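2 protein chains.
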Amino acid sequence: IVSRPGGYNTFFLPEYKLPMRGPFGGRCAVVSQSGAYIVTLMSNLDRIFNPRYMITYGNQIDISVTDYLIALEDDNKIDLFCLYLEGFKPFDGMRFLNVTRRIIESGRKIILYKAGRTEAGAKAVASHTASMSGNYEVLKKLLKQRGVIIAESLDEMEDLLRVFSLLSHVKPGGKRIGIFSNAGFECSVAADNLGVLELAQFSKQTKSKLSKLLPSGIIDIHNPVDATPQTNAPNYGKSLEAILEDDGVDCLLAANVAPTPFMENLPASPEHDEDIEHEDSYPNVTIRVFKNAKKPMVVSLNSGPMYDPSVRMMESAGVPVFRKVDRAIRALETFIERSVE
Amino acid sequence: IVSRPGGYNTFFLPEYKLPMRGPFGGRCAVVSQSGAYIVTLMSNLDRIFNPRYMITYGNQIDISVTDYLIALEDDNKIDLFCLYLEGFKPFDGMRFLNVTRRIIESGRKIILYKAGRTEAGAKAVASHTASMSGNYEVLKKLLKQRGVIIAESLDEMEDLLRVFSLLSHVKPGGKRIGIFSNAGFECSVAADNLGVLELAQFSKQTKSKLSKLLPSGIIDIHNPVDATPQTNAPNYGKSLEAILEDDGVDCLLAANVAPTPFMENLPASPEHDEDIEHEDSYPNVTIRVFKNAKKPMVVSLNSGPMYDPSVRMMESAGVPVFRKVDRAIRALETFIERSVE
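Residue numbers (our numbering), protein chains in the order written: chain L, 22 to 362; chain E, 22 to 362.
Think of the hints as simulated: they come from the structure by calculation, not from any bench. Accuracy of the hints is not assured; some may be wrong.
If chains are identical, the list can't say which one is meant, so a pair holds when it fits in one copy or spans any two.
Straight-line distance between alpha carbons at most 30 Å, and here's what the computed DSSO-like set of lysine-lysine pairs gives [as the list claims (entries may be wrong)]: (1) K230 / K110; (2) K233 / K38; (3) K230 / K144; (4) K161 / K192; (5) K233 / K161; (6) K161 / K225; (7) K225 / K98; (8) K110 / K312; (9) K315 / K110.
Because the structure is a prediction, the values reported are computed rather than measured.
Isolated chain L, as found in the complex (with noise of 0.2 Å):
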């Protein structure tokens, strides 16, 4: 057990292995049947997430994932939880439903992500946490019906946590997206995968704005923008600001594709002038737009690890940056979906 009111960590592991140095998610609490799993998901997310508790159980023979929850659900500085799962003790699926049912009803957000899907997971967590798995299809539509988010992927958990805790302090008022990219083809993909949401349409005012930041030659400006890769980061950050300042916009996704040479986004090097640090660079000016946001904003920043320093600095901000158009925006939709009545 981590908790960071009681300030103790029963974790045997060294700091230099797993610093725990992230200043968001002081109001999550993560309740895990694996240890290996939280520490998975407090290195995945260095210097981001760092929650209220960390609590792993394994075979449950004393006490179970429910009375965990019983144990927190009062506690009001808590507004999300995230649980991994193997299997239930017997006679412990009903109060486990139960107590679910209560936490979301008060207005609190439950992430699950269950192991044991199939057969031949099911004997790997008989032999791990000697839990009995259920049929995961059946225990899906119950929590479904109570309203705890699935994750269905290890990627999608920790997708849902970055947006569940970074954008708890922005409430959505409905669907219509906006989105931004400097690439055509990430347009096309995120508009694929809409989910829920539906493109805004922008006012005359937005779109006239957006004309004078654009290279000249975009004609018809439309949602999804596509403002091609001559687009550099001051502009980027006054075409995202146009659109979040339009009434039909109630959401955010900032795209972007990393190499091109209009777009300052390398730390200061000798091989060329670029510098992350600058005020007007890609990482600063996404920031500076994200904090200042009324509405939720995703970032996506889909190139490789020469450009991780922007990302680690955006994220150290607490933008909830992915690596894929498609996950930004998928994450979005769910939080979007759960948080508009």
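Use these hints to put chain E onto chain L, whose structure you have.
For chain E alone, coordinates are given in the frame of chain L:
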């Protein structure tokens, strides 16, 4: 167009933004309707992947994707075609189906990502490359019948490219997989994602070897193997070798949660005694096992940015490394399914 045999590059990007320095993928041709798509691939697979040809063709006013495939189909130095498509020119669909059939019948592989899947995506595609998207489900069915490998997400496209270009030197003998991780939850999650793969039954000899290498206290050794965080890198490597030597095993997933102090996987630092340059560090051990393996093997290292140097070391040696165990096994599964008759 970038051509390795021709020695020319008509991309407009400076080398400091996109170096193109991967040693692998020399028997692959990428044909993409979007230039930015190829840019993201090359950036994401930096220091890994550098195909024989990269061709972008946009609105295909003069030359269509089919024309490029026809031009390349007789090049016996190409085993793998990677296609990003938005849509077709009128009357080009049947020609495309015919050339893909000929390529696949000759024993080569085609991996395809298709954008413009939904109404909104089709509109975005029309605005990007003026293509007719057609019905995605119908196209997918037709192409799958012909043996084309369809990537449903941008991540999956890169995952498939990793396995098909980095495992091309090994021919799998069957579908029986060995799964080894130092975390029990990874065994459960991997077993949940077997697809057409089957869990191998280890021989008595293999079990006996493993029982000597794993921490004492693990009595029932079975596949998937949960090696616990106490296993160190040399024993991890010897365990992988024992599994690969088993005649009942056709392929291997070697998974790993990195923050255990028993696994040397951090670059040298004054803060600790680890150094991945040591001969028996985790990445060096894994690289040796991979290079000697005569069976397909994939690696998962599910941990954060601190462990990127270990990942880069393995990738530069040609090891297909994933950061999530479910993505690793699904990519391997597709490779095995398409390589075993």
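Against the structure, the hints come out as follows:
Proximity of K230 to K110 under the C-alpha cut-off of 30 Å is found in neither arrangement, the shortest distances being 59 Å within a copy and 34 Å between copies. With identical chains, the CA atoms of K233 and K38 are at most 30 Å apart between copies only, with a shortest distance of 27 Å across copies and 49 Å within one. Taking the closest pair of Cα atoms, K230 and K144 come within 30 Å of each other only across two copies (23 Å); inside a single copy the shortest separation is 59 Å, beyond that limit. Proximity of K161 to K192 under the C-alpha cut-off of 30 Å is restricted to the intra-copy arrangement: shortest distance 27 Å within a copy versus 38 Å between copies.
Taking the shortest Cα distances, K233 and K161 never come within 30 Å of each other, neither inside one copy (49 Å) nor across copies (41 Å). Taking the shortest alpha-carbon separations for K161 and K225, neither the intra-copy value of 44 Å nor the inter-copy value of 39 Å comes in at or below 30 Å. Taking the shortest alpha-carbon separations for K225 and K98, neither the intra-copy value of 43 Å nor the inter-copy value of 53 Å comes in at or below 30 Å. For the homomeric pair K110 and K312, neither the shortest alpha-carbon distance inside one copy (44 Å) nor that between copies (44 Å) is at most 30 Å.
Taking the shortest Cα distances, K315 and K110 never come within 30 Å of each other, neither inside one copy (44 Å) nor across copies (43 Å).
Consistency with the previously given hints fails for numbers 1, 5, 6, 7, 8, 9, ordered from lowest to highest.
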